[in-house]
Amino acid sequence: MIKALGNFIAIIKGSLLTTRHFMVNMWFHTLKLLRIKTKRKGAVTIQYPEEKREIASRHRSLHRLLKRDDGKPRCVACMLCVTVCPSECIFVEATEDPDPEIQKSPSSFIIDLSRCCFCGFCVEACPEDAIRMDTGQIEFAEYTRDRLIYDLEKLTE
Amino acid sequence: MSDWIIILIKIICALVWFLVIALYLTWVERKESAVIQDRIGANRANIWKFRVIGLFQPFADAIKMLFKEDFTPRFSRKFLHNLAPFVSFFFVAITVSAIPFGDVLRIGGREIKLQIVDFNVSLLFVMAMLSLGIYGIILAGWSSNNRYTLLGGMRGAAQLISYEVALGLSLIGLIMVYPSLKLSAIVHYQGELLWGWIPKWGVFLQPLGLLIFFFAALAETKRVPFDLPEGENEIVGFFTEYSGLKWGLFMFTDFMEVLIIACLLTTLFFGGWQVPWLYADGFHFPWGGQWLLPHGIVVAFQVLAFNLKVFFFCWLQVLIRWTYPRFRYDQVMDLGWKLLVPLSLINIAGTAILLSLLG
Numbered sequence: 052m053i054k055a056l057g058n059f060i061a062i063i064k065g066s067l068l069t070t071r072h073f074m075v076n077m078w079f080h081t082l083k084l085l086r087i088k089t090k091r092k093g094a095v096t097i098q099y100p101e102e103k104r105e106i107a108s109r110h111r112s113l114h115r116l117l118k119r120d121d122g123k124p125r126c127v128a129c130m131l132c133v134t135v136c137p138s139e140c141i142f143v144e145a146t147e148d149p150d151p152e153i154q155k156s157p158s159s160f161i162i163d164l165s166r167c168c169f170c171g172f173c174v175e176a177c178p179e180d181a182i183r184m185d186t187g188q189i190e191f192a193e194y195t196r197d198r199l200i201y202d203l204e205k206l207t208e
Numbered sequence: 002m003s004d005w006i007i008i009l010i011k012i013i014c015a016l017v018w019f020l021v022i023a024l025y026l027t028w029v030e031r032k033e034s035a036v037i038q039d040r041i042g043a044n045r046a047n048i049w050k051f052r053v054i055g056l057f058q059p060f061a062d063a064i065k066m067l068f069k070e071d072f073t074p075r076f077s078r079k080f081l082h083n084l085a086p087f088v089s090f091f092f093v094a095i096t097v098s099a100i101p102f103g104d105v106l107r108i109g110g111r112e113i114k115l116q117i118v119d120f121n122v123s124l125l126f127v128m129a130m131l132s133l134g135i136y137g138i139i140l141a142g143w144s145s146n147n148r149y150t151l152l153g154g155m156r157g158a159a160q161l162i163s164y165e166v167a168l169g170l171s172l173i174g175l176i177m178v179y180p181s182l183k184l185s186a187i188v189h190y191q192g193e194l195l196w197g198w199i200p201k202w203g204v205f206l207q208p209l210g211l212l213i214f215f216f217a218a219l220a221e222t223k224r225v226p227f228d229l230p231e232g233e234n235e236i237v238g239f240f241t242e243y244s245g246l247k248w249g250l251f252m253f254t255d256f257m258e259v260l261i262i263a264c265l266l267t268t269l270f271f272g273g274w275q276v277p278w279l280y281a282d283g284f285h286f287p288w289g290g291q292w293l294l295p296h297g298i299v300v301a302f303q304v305l306a307f308n309l310k311v312f313f314f315c316w317l318q319v320l321i322r323w324t325y326p327r328f329r330y331d332q333v334m335d336l337g338w339k340l341l342v343p344l345s346l347i348n349i350a351g352t353a354i355l356l357s358l359l360g
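Line by line, the protein sequences give chains A and B.
Be aware that the first sequence starts at 52, since it is given in our numbering, and climbs by one per residue.
Be aware that the second sequence starts at 2, since it is given in our numbering, and climbs by one per residue.
If you are wondering where the hints come from, they were derived from the structure by calculation, not from laboratory data.
As the structure is a prediction and not an experimental result, all values here were calculated from the model.
All C-beta atoms in this analysis are idealised placements derived from N, C-alpha and C, irrespective of residue type, glycine included.
Any given hint could turn out to be false.
[Claimed, not checked] Selected chain B positions facing chain A (Cβ under 8 Å, derived; list incomplete):
id	residue
1	29
2	30
3	33
4	36
5	37
6	84
7	87
8	321
9	322
10	324
11	328
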């Protein structure tokens with residue numbers, strides 16, 4: 052009998068909880084409709100395409116290749132990123148650079164984004180600080196796979 | 002001749018009211034659950050970039066369901082399979098004919114009752130039609146010729162029939178207090194006052210009856226705390242083999258049942274269209290004040306009061322659906338046969354003793 056009464060009280064408490072949520076959220080929605088500004092919002096939803104959540108500064112987003120002052124890529128084709136890449140999605144071909152200080156430069160630098168797992172190891176491995184993942188771009192979905200293969204031109208943009 | 006036209010207009014108005022409110026209950030369900038769970042809810046459906054807090058969502062849903070494939074399995078019994086959703090829809094939709102929306106409206110020397118038909122046994126009629134709705138479920142479960150749908154249909158039949166008992170018994174106390182089976186007469190009795198100031202509503206005279214009726218009626222709508230016929234996470238339920246608009250009809254029937262239960266709760270226990278202390282010529286307050294109103298405004302007040310009460314109970318039922326987890330099958334049967342039926346018998350006995358003592 053006492054147990055049944057306890058259950059009944061628990062049931063009532065449950066409905067009071069949802070009622071409280073409803074009333075409080077409804078109050079803030081109504082205030083918003085009346086264009087009264089409040090600190091709190093009626094819902095925690097971020098309505099994605101219109102509003103975007105702020106990306107953290109250390110977030111690993113789309114790669115980019117940095118350039119020297121004369122516009123050539125900073126990469127020296129040392130192959131460290133190719134070696135460290137766990138999903139084997141970086142393909143670099145080296146050529147000789149006229150500048151004896153640099154010696155090597157990439158003739159092609161391809162990242163297959165459809166395989167990339169965004170671990171950031173290439174950024175860690177790079178001795179020249181030539182590749183970074185700080186573009187803040189996270190929307191690069193495509194309809195076909197071959198459009199996800201980014202070459203040197205696309206990466207230095 | 003003009004009587005027929007009036008009846009036709011009443012039927013069209015009541016059905017449009019009923020179907021539109023039931024359609025928008027789907028919107029209320031989405032939005033209310035969202036607000037309860039700190040979300041926003043469906044708000045993307047638009048007409049020419051015009052969103053209006055998602056009010057076009059029910060129409061978008063309907064259009065989507067119209068264009069879905071209407072699939073009838075090869076192994077089903079075609080005729081019964083097609084008949085089932087219409088049976089369950091029809092028997093709920095027809096109950097609206099007995100619901101009183103207001104008192105009489107006088108236009109041009111003619112008295113129009115704001116009720117489609119006002120017959121003597123309207124309460125029995127509503128109960129009977131609500132029970133006949135079970136046939137839709139059993140037919141759907143059986144004719145789909147699938148084990149899971151059969152299980153769902155059988156569960157539905159068992160649950161609805163057991164709660165039908167408690168539902169019927171809980172109303173007997175009410176019929177003893179208001180000696181009539183006519184819904185309009187029951188509402189009229191509730192216009193009187195108790196001790197000169199409390200309106201004589203069913204909630205004050207039959208609180209236990211109200212509780213039992215509400216629980217049993219929730220089970221009748223077969224929505225979440227009692228959704229054994231559907232049982233989304235175990236047997237998927239009696240409409241597994243339905244798709245497109247026929248499935249939509251089953252879903253819509255659920256919402257219509259919510260609405261009709263709200264109408265019945267209002268009519269039987271919360272005074273129907275009665276506003277406290279409002280009489281045919283205006284307000285007469287128990288502390289002696291008076292506020293006389295013309296006939297049209299009184300009728301408008303009554304219809305508005307009925308609608309507000311119905312909306313409140315729809316809101317309450319959606320809240321309950323989004324608060325509680327579902328019962329297990331044996332718990333449902335326990336609650337029905339071991340708690341609600343004995344309680345309703347106690348309610349009948351208690352009411353009888355009190356009535357005979359008070360004379």
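Comparing the hints with the structure gives:
1. 29: Cβ of residue 29 of chain B sits 12 Å from chain A, so the hint is violated.
2. 30: Nearest chain A Cβ about 13 Å off; hint violated.
3. 33: 7 Å, holds
4. 36: At about 5 Å, which falls below the 8 Å cut-off, the nearest Cβ of chain A leaves the hint on residue 36 of chain B intact, so it holds.
5. 37: 5 Å, holds
6. 84: 38 Å, violated
7. 87: With a closest approach of 35 Å, the residue 87 of chain B hint is violated.
8. 321: The hint holds - residue 321 of chain B has a Cβ within 8 Å of chain A, the shortest such distance being about 7 Å.
9. 322: 10 Å, violated
10. 324: Check passed: Cβ of residue 324 of chain B comes within 4 Å of chain A, closer than 8 Å.
11. 328: This interface hint is violated because 12 Å lies over the 8 Å limit.
In this structure, the earlier hints numbered 1, 2, 6, 7, 9, 11 are contradicted, and the remaining ones agree with it.
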